[in-house]
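Protein sequence lines correspond, in order, to chains A and B.
Numbering-wise (UniProt numbering), the first sequence opens with residue 1 and increments by one.
Numbering-wise (UniProt numbering), the second sequence opens with residue 1 and increments by one.
The set of hints was computed from the structure by calculation and includes no laboratory data.
Where hints are given, some of them may not hold.
Covered stretches of chain A, going by a simulated chain B footprint (3 or more residues, C-beta under 8 Å) [to be verified]: (1) 172-185; (2) 188-197.
Heads up, incomplete: computed chain B residues facing chain A, CB under 7 Å, no partners named [claimed, not checked]: (3) 63; (4) 79; (5) 83; (6) 89; (7) 113.
Virtual Cβ for every residue (Gly too), placed ideally from N, Cα, C.
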Amino acid sequence: MRRLEHIGLLALPGLTFLAVIFALPLFMLLLKSFQIDGQFSLEEYRLFFTDEYNMSVLWRTLRVAALTTIVALLIAYPTAIAMSRANGIWLSIFLVAMVLPMSVGVVVKAFAWSIIFRTRGVLNDILMSLGIVDTPIRMLFTETALIIGAANVFLPFMVLPIYAVLRQMDTRLPEAAASLGATPVFRFFNVTLPLSLPGVVAGCAFVFSLAVSMYVIPSLIVGERQQTLSMLTARSFLYLRNEALGATISSILLIIAISVVLGSSWLANRLGARS
Amino acid sequence: MQGSAGTEPDKRAYLDVVGVGKAFKGTTVMSDMDFRVARGELVSLLGPSGCGKTTLLRIIAGLTSADAGDILLDGRAITRVPAHRRNISVVFQSYALFPHLTVAENVAFGLRARSVPKGDIAPKVSEALQLVRMRDFADRPVAALSGGQQQRVAVARALVVDPVLLLLDEPFSALDRKLRETMQVELKSLLRDRGMTAIFVTHDQEEAMGVSDRIAVMNSGQIEQFATPSELYARPRSSFVMDFVGLSTRMRGRVSKTDGPVMQIDTANGMVLAQGDYGVGTEVTVGVRPELITPVAGENTIKVTLADAMVLGAKTQLHGASHPEDRLLCEVPGIQTNLTRGQDVTFGWSVKDTLVYEAPR
Chain A
1 MRRLEHIGLL ALPGLTFLAV IFALPLFMLL LKSFQIDGQF SLEEYRLFFT
51 DEYNMSVLWR TLRVAALTTI VALLIAYPTA IAMSRANGIW LSIFLVAMVL
101 PMSVGVVVKA FAWSIIFRTR GVLNDILMSL GIVDTPIRML FTETALIIGA
151 ANVFLPFMVL PIYAVLRQMD TRLPEAAASL GATPVFRFFN VTLPLSLPGV
201 VAGCAFVFSL AVSMYVIPSL IVGERQQTLS MLTARSFLYL RNEALGATIS
251 SILLIIAISV VLGSSWLANR LGARS
Chain B
1 MQGSAGTEPD KRAYLDVVGV GKAFKGTTVM SDMDFRVARG ELVSLLGPSG
51 CGKTTLLRII AGLTSADAGD ILLDGRAITR VPAHRRNISV VFQSYALFPH
101 LTVAENVAFG LRARSVPKGD IAPKVSEALQ LVRMRDFADR PVAALSGGQQ
151 QRVAVARALV VDPVLLLLDE PFSALDRKLR ETMQVELKSL LRDRGMTAIF
201 VTHDQEEAMG VSDRIAVMNS GQIEQFATPS ELYARPRSSF VMDFVGLSTR
251 MRGRVSKTDG PVMQIDTANG MVLAQGDYGV GTEVTVGVRP ELITPVAGEN
301 TIKVTLADAM VLGAKTQLHG ASHPEDRLLC EVPGIQTNLT RGQDVTFGWS
351 VKDTLVYEAP R
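Looking at chain A on its own, in the form it has when it is part of the complex (with noise of 0.2 Å):
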């Protein structure tokens, strides 16, 4: 028991250098939101809450992160199944298209993204050579292409926890549903779904709280006309140089954050613990 303790020290270096560089910082910023001239205040709660606009901002912020954690599941989950079933060359190659896009700077990847949504962008030009529509349509600077263009970035957080529970998962249990008489749609339902569950809520908590706090993404994509939390943040600090706004604004999307970790761990516990 006492050896365990003394291993305990070695974690103190990390630790150390985290309250310092992390948590000190957050914890001054976190206190400034609740102050108001030096005097302990949660009016800048009740103005944020009671602005229609910052209203309206959170409410983006947390649909674009909710739209976007569901499109990157339904794309991720085929994808991880492949990969799970995946050998050799095969599954080199889905590995490598999954995390070399992250090694590449997420401003280039929204660019990216912003050249091909542009009114005379990629996807304009084809969709014009094939016919099917006349003129360009809008896509950039609009809440669809940032939900696109994020999922597309985050995807990798979701394909690699359920790749990771699926490569795990007995092979013989879907064959032992198959030959109980289970048809291929009831086989995913009542056994590989339900098994993965675990790694789709790791995915989920990933992807909402990298959407959900998001900066580079929606200010190439969508711009200064659609703003979310972080980029309300942003302003707040530098343009508007209120410090009071952008502390408090920080510490809900924290607050948010850290209810999307605590809840996900917890819904892993219970689904982990069933099975």
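Chain A is fixed; fit chain B onto it per the hints.
Then chain B, alone, in the frame of chain A:
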């Protein structure tokens, strides 16, 4: 038609595997496989790992597709019918119970998959669990069960859907010896009572002999012999079958003289007589079942120096010193304490009990 060996002509095939072939990545696992099982028969596929027995089982279940040939069940071709429409249940080696479901939910799975009315499911599940004496465990998660209990649940889950055929892939291998023997007796009588046709895959010859009416001994994608346990043991068709099923004394030798149906074979331990029609000069393997050998002179007699005398309780095993590729083994009933290592003894047996196989070149 090696696969049909031992089948009486009047036995109509219930399961009929005709000319099935399978290759994985260019490597042929089996070719032109024929295999017939009658209704209500308990059959084992016995062989070393990699002999293709599990592949054959998976092809019958529809979990692996055959490259060639046909599978007929009760006269109907099912070769291209997907697994979930074959109504063939499989009990897997690992049992493959669904870890996210309880015992009762596992058993109910096949009924739900077949859209059995909700009201009919519970009584059927309860009856199936009763059959394997697991009703008290209905609401437990399967992870909390022991190996033997998991196997019972797997059997209940497979039988509750009234399959036309039950396939079992090494169903006892995860159990310890004592439990394994109990479960074998239990399962056999359960399947008999229901008139179930079942195929066991196993590499354990004792298990195969214990549970089956007939055994197909497989070796590198071929059925070497398909016969009743007693026939397999008494009249193995090849030296592979002789070695795989039961123990035996075996010696390499060469035919030195033939006299009508009797051959004279020279071995490292002296001359041995056997029935057969191999020509003079043929390299052969001679085999004798150990309990047919007595420690007194017989029609065939060899001198042996004892390397070990193992008292096994009901019988004593006498191991003779031999060339490493030969084996000299004799079993005498009861406890023999007067025989010790280094002692010279006589092994004697009759000509008709001598098995002879042409040695592979």
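Checked hints:
1. Restraint check on the region 172-185 of chain A versus chain B: 12 residues with Cβ-Cβ distances below 8 Å, three needed, restraint holds.
2. A stretch counts as covered by a chain when three or more of its residues have a beta carbon under 8 Å from one of that chain; for the region 188-197 of chain A and chain B the count is 4, and the coverage holds.
3. About 5 Å separates the beta-carbon of residue 63 of chain B from the nearest beta-carbon of chain A, less than 7 Å, and the hint is met.
4. Contact between residue 79 of chain B and chain A, as hinted, is not supported at the beta carbon level, the nearest pair being about 16 Å apart and thus beyond 7 Å.
5. At its closest, the beta carbon of residue 83 of chain B sits 4 Å from a beta carbon of chain A; the interface hint therefore holds under the 7 Å criterion.
6. Proximity of residue 89 of chain B to chain A holds as hinted, the smallest CB-CB distance being about 6 Å (cut-off 7 Å).
7. Hint status for residue 113 of chain B relative to chain A: holds, with the closest Cβ pair at about 4 Å, below 7 Å.
Going through the hint list in order, the structure does not satisfy hint 4, though it satisfies all others.
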